[in-house]
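For the record, the sequence lines run as chains H and F. Numbered per our numbering, the first sequence spans residues 1 to 104. Numbered per our numbering, the second sequence spans residues 1 to 387.
Everything labelled a hint here was simulated from the structure, so no lab data went into it. Among the clues, some could well be false.
Derived contacts from chain F toward chain H, CB cut-off under 8 Å, selection only [unchecked claim]:
no., residue
1, G83
2, G86
3, T157
4, E216
5, Q230
6, G238
7, S241
8, I243
9, N324
10, D327
11, M329
Below 30 Å or equal to it, Euclidean Cα-Cα: the simulated DSS-like pairs (lysine-lysine) are [to be verified]:
no., chain 1, residue 1, chain 2, residue 2
12, F, K257, H, K76
13, H, K79, F, K342
14, F, K345, H, K34
15, H, K42, F, K220
16, H, K37, F, K220
17, F, K172, H, K76
18, F, K342, H, K56
19, H, K40, F, K342
20, F, K220, H, K34
21, F, K257, H, K79
22, F, K257, H, K34
23, F, K342, H, K42
24, H, K37, F, K345
Virtual Cβ for every residue (Gly too), placed ideally from N, Cα, C.
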Amino acid sequence: MSLQLALKINDRDNVATIFANGIVLGSEVEVRDKQGKSEKVKVLGDVPFGHKIALKDIHPGEEIFKYGEEIGVATKEIKRGEHVHVHNLDSMRGRGDLKGEAVK
Amino acid sequence: MNFMGYVRPDGKVGARNHVAVIPSVICANDVAQAIVGQVQGTVGFFHHQGCCQLPPDLKRVTDTLIGLGCSPNVGAALIVSLGCEGTDHERMLKTIVKTGKPVKIIRIQELGGASRAIQAGIDAAQELVGQISGLQREPSDLSNVVMAIKCGASDTTSGMASNCVVGYVADKMVDLGATVVFGETTEFIGAEHILARRAANKQVADKIYEIVERMETRAKSLGCDMRKGQPTPGNIAGGLSSIEEKSLGAIVKSGSKPIQGVLEYPEMVTTQKGLWIKDSPGREPEILTGMACTGAQFMMFSTGRGAPQGFPSMPVIKICGNPNTFDRMSHDMDLNAGLIIKGEKTIEQVGEEAFQKVLCVLNGEMTKNEAIKYFNSIDIHTLGPVI
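This is chain H alone, in the form it adopts within the complex:
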């Protein structure tokens, strides 16, 4: 199978976005950054086109970074290579359900 690419936008990011079809459990992706450096990551599960994977183990409560900015917080233990999305990432904004404790 040909090598599939994923993009890490900022050095601070702990996720990368996969722009490839047919990524399944065990697929290997080559994660590239702006400097042209790359690392290979084994994907732990099916990941649709345009979705993110973790580049390192992320613990519950830890911030998730893309574009070098916080995009949410991990709600579960996330392993390197695992799909990162609404099932394990919580938004911290527009949270009317958090009754005033909403983290700004």
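Please build the complex by placing chain F on the supplied structure of chain H, with the hints as guidance.
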């Protein structure tokens, strides 16, 4: 640099030459639709507001419809009033007349009902078309242009491809002396600190924080997590996990120039130049109306999942960041930024193609949605309840 446009009596320059049929209230839509269906050269704004709303909203709707009538792509206007609506149709008439463009009004109740109003409306619109349809385009400087920006049905390709191209064009237009307006305040949430750093001064930075807080408070008012409202189910299926992620990708479309100020929803551009924010929601029918009433001659609209719709009086150029979507929906997409994701073209290359497309569209080339009239579902953003 020049484009070929229609020079209006008030000095504004249009990229289109429509007779606008403007219902002053939802109850006049059917009459307005019948007129637009019969008379070539007309477009209609079939919104759903204008009565049984609180006074600030009625003023907002009136101001928005005035903005649409005054916009440079409109050469003449026909106001279709019911007669008992909450909007101020007399102020609409007086204000649009001040542009020097031909304006007429018909009143359904006064004329004796729908069929008589339709007849009078067709006669009136026909006369207006006769008055303006022979106008010729003239060379006009690009500094007369107001460019609107929007992204819709986004996915993770938007922030990495199509929005980058829109940002490239926005920077170029600002350098050429034009006005550029972006909005979607909801999609500043989580990225407002980056926009505030680009504010021309502290007042503008404070205003950016203020409109984001106002929008977020509104979003939280029902006591739930706004996810699924924003980001939408389509955004989520496309890989966007949170509003923060969506916002960080969305603001890329505004380019890199300093932000000069914030316009309220119905506010028109008068002398403003450079990059501006329009306080507006993200949903298409409302923000497209808000941008057209700003006076924008065209919009660049970035998408990943494939948003097809446009606006009656304002050509909307669709640029698609997702190569899979572009292949499926090429009849709705004007530009392919998916080639950036595939590594076949750079942002600059697609940016230059996009700029050439902008010039063609300003000169009269129809966009995909314009050619198939995929632009009728519009609305006006109001704040209070319907009562």
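Hint check results:
1. G83: At 41 Å from the nearest chain H Cβ, G83(F) fails the 8 Å test, so the hint is violated.
2. G86: Violated: closest Cβ of chain H sits about 30 Å from G86(F), beyond 8 Å.
3. T157: Holds - the Cβ of T157(F) comes within 8 Å of chain H, reaching about 6 Å at its closest.
4. E216: 6 Å, holds
5. Q230: 7 Å, holds
6. G238: 6 Å, holds
7. S241: It holds, given that the least Cβ distance between S241(F) and chain H is near 5 Å, below 8 Å.
8. I243: This hint holds: I243(F) lies near chain H, its Cβ roughly 5 Å from the closest one there, short of 8 Å.
9. N324: Holds, about 6 Å.
10. D327: Since chain H brings no Cβ nearer than about 12 Å to D327(F), farther than 8 Å, the hint is violated.
11. M329: 15 Å, violated
12. K257(F) <-> K76(H): 39 Å, violated
13. K79(H) <-> K342(F): 28 Å, holds
14. K345(F) <-> K34(H): Between K345(F) and K34(H) the Cα gap is close to 16 Å, so the pair holds against 30 Å.
15. K42(H) <-> K220(F): It is violated: about 39 Å lies between the C-alpha atoms, which goes past 30 Å.
16. K37(H) <-> K220(F): 42 Å, violated
17. K172(F) <-> K76(H): 44 Å, violated
18. K342(F) <-> K56(H): 26 Å, holds
19. K40(H) <-> K342(F): 19 Å, holds
20. K220(F) <-> K34(H): Roughly 37 Å separates the two Cα atoms, so the pair is violated.
21. K257(F) <-> K79(H): 39 Å, violated
22. K257(F) <-> K34(H): Roughly 22 Å separates the two Cα atoms, so the pair holds.
23. K342(F) <-> K42(H): 21 Å, holds
24. K37(H) <-> K345(F): With a Cα-Cα distance of about 20 Å, the restraint between K37(H) and K345(F) holds, given a limit of 30 Å.
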